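Be aware that the sequence shown starts at 1, since it is given in our numbering, and climbs by one per residue.
Simulated from the structure, these hints should not be mistaken for laboratory data.
All of these numbers come straight from a predicted model, not from anything done at the bench.
Yeah, the Cβ is synthetic: ideal placement off N, Cα and C, and Gly gets one too.
Watch out, some of these pointers could steer you wrong.
[Claimed, not checked] Result set (DSSO-like, lysine-lysine): computed pairs, CA atoms no more than 30 Å apart in a straight line:
no.: 1; residue 1: Lys63; residue 2: Lys91
no.: 2; residue 1: Lys105; residue 2: Lys91
no.: 3; residue 1: Lys60; residue 2: Lys105
no.: 4; residue 1: Lys91; residue 2: Lys70
no.: 5; residue 1: Lys105; residue 2: Lys63
no.: 6; residue 1: Lys163; residue 2: Lys20
no.: 7; residue 1: Lys91; residue 2: Lys20
no.: 8; residue 1: Lys163; residue 2: Lys91
no.: 9; residue 1: Lys105; residue 2: Lys70
no.: 10; residue 1: Lys90; residue 2: Lys105
no.: 11; residue 1: Lys60; residue 2: Lys91
no.: 12; residue 1: Lys163; residue 2: Lys70
no.: 13; residue 1: Lys60; residue 2: Lys70
no.: 14; residue 1: Lys63; residue 2: Lys90
no.: 15; residue 1: Lys60; residue 2: Lys90
no.: 16; residue 1: Lys163; residue 2: Lys105
no.: 17; residue 1: Lys70; residue 2: Lys90
[What the hints assert, rightly or not] Beta-carbon label-pair distances, calculated as ranges:
no.: 18; residue 1: Lys63; residue 2: Pro184; range: 41 to 47 Å
no.: 19; residue 1: Gly162; residue 2: Gln52; range: 29 to 35 Å
no.: 20; residue 1: Pro203; residue 2: Ala71; range: 42 to 48 Å
no.: 21; residue 1: Gln52; residue 2: Phe200; range: 40 to 46 Å
no.: 22; residue 1: Gln142; residue 2: Glu196; range: 53 to 59 Å
no.: 23; residue 1: Cys22; residue 2: Thr64; range: 31 to 37 Å
no.: 24; residue 1: Arg36; residue 2: Phe193; range: 32 to 38 Å
no.: 25; residue 1: Glu192; residue 2: Asp111; range: 18 to 24 Å
no.: 26; residue 1: Gly162; residue 2: Asn248; range: 54 to 60 Å
no.: 27; residue 1: Gln224; residue 2: Gln40; range: 43 to 49 Å
no.: 28; residue 1: Glu145; residue 2: Glu217; range: 41 to 47 Å
no.: 29; residue 1: Glu42; residue 2: Glu217; range: 32 to 38 Å
no.: 30; residue 1: Asp111; residue 2: Thr44; range: 48 to 54 Å
no.: 31; residue 1: Ser116; residue 2: Thr199; range: 17 to 23 Å
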Amino acid sequence: MSIWNALNSAYSFEDAFGVKDCTSQAMRETVREWFRLYYQREATEESDPCQQIAYTIVHKLTKTSFGEYKAVGNDEFAQQVLDALDTVRKKAMQLALVGGESWLKPVPTGDSFSFSVVSRNNVLIFGRDAQGVPMDIGAVEQTAEGRQWYTLLERRTVDRSGKLTIRNRLYCSELSDTLGRPVPLASLARYEFLPEEYTFQEPLGGLGMARLVTPLENCVDGSQDGVSVYAPAVGLIRNIDRNEALLNGEFERGSPGLSPPPTCSAGAGTAAGGCRTSSLWASTTTRNR
1 MSIWNALNSA YSFEDAFGVK DCTSQAMRET VREWFRLYYQ REATEESDPC QQIAYTIVHK
61 LTKTSFGEYK AVGNDEFAQQ VLDALDTVRK KAMQLALVGG ESWLKPVPTG DSFSFSVVSR
121 NNVLIFGRDA QGVPMDIGAV EQTAEGRQWY TLLERRTVDR SGKLTIRNRL YCSELSDTLG
181 RPVPLASLAR YEFLPEEYTF QEPLGGLGMA RLVTPLENCV DGSQDGVSVY APAVGLIRNI
241 DRNEALLNGE FERGSPGLSP PPTCSAGAGT AAGGCRTSSL WASTTTRNR
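Go ahead and model the full structure; you've got the sequences and the hints to work with.
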């Protein structure tokens, strides 16, 4: 469940966290649109994403970035951490390119760590420092078990001394797009040992997560939010998808401008130049559909 969908409901994540998200309405709508363009596969009467432009941009950049990538740890612990990062590095980068930013969250596993990726459409930002770095956020993690949907709301706050406090609340619902009712963390085995609140005794100076952000100026509202790598091309992508849908509709309706070329026989006119076809038909039939 995306936060941006839930924010439109009567009881939103903002209500559950008890804090107002500082993300502007323009950014909320735009982030939703970035993810829609990336994940949309089915054609409609208004749009046909057959070229998958957003996906292609992200895929090419990720492939190029890690084409010659190699990292080796100096000891066993460091290598274990790098191995864990290796399993999620592409996903983390892809989600950062799509949403403008993403986070790598370390999860202790005995004597090492695993990592989960938190995408921008599942984060609320409640506060930033003077440099624009988020210092107070709410993150969502959803799990389906049986016929129940469990939603973990995790708030991470850094105080003025640099100490990080993490607060966890678990909710349960019969519907995937509804937060539901509060339940104990032990209701789900994976959260059984998760504390409801914990403050680190030493200053961390951050949220305890690695933040990935695209190096682009915000072209949506001028804020300090990260922007998608294809944010400046959103209008172009929409137009291309709309044109694809229009072409599909013309073929289905049998528009005269798109009618197939006539069958020619060796008769009058063929020797002098053959049968003529419209330029639109010639251009569209050569494309890979």
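Numbered hints the structure breaks, given as an ascending list:
12, 19, 20, 22, 27
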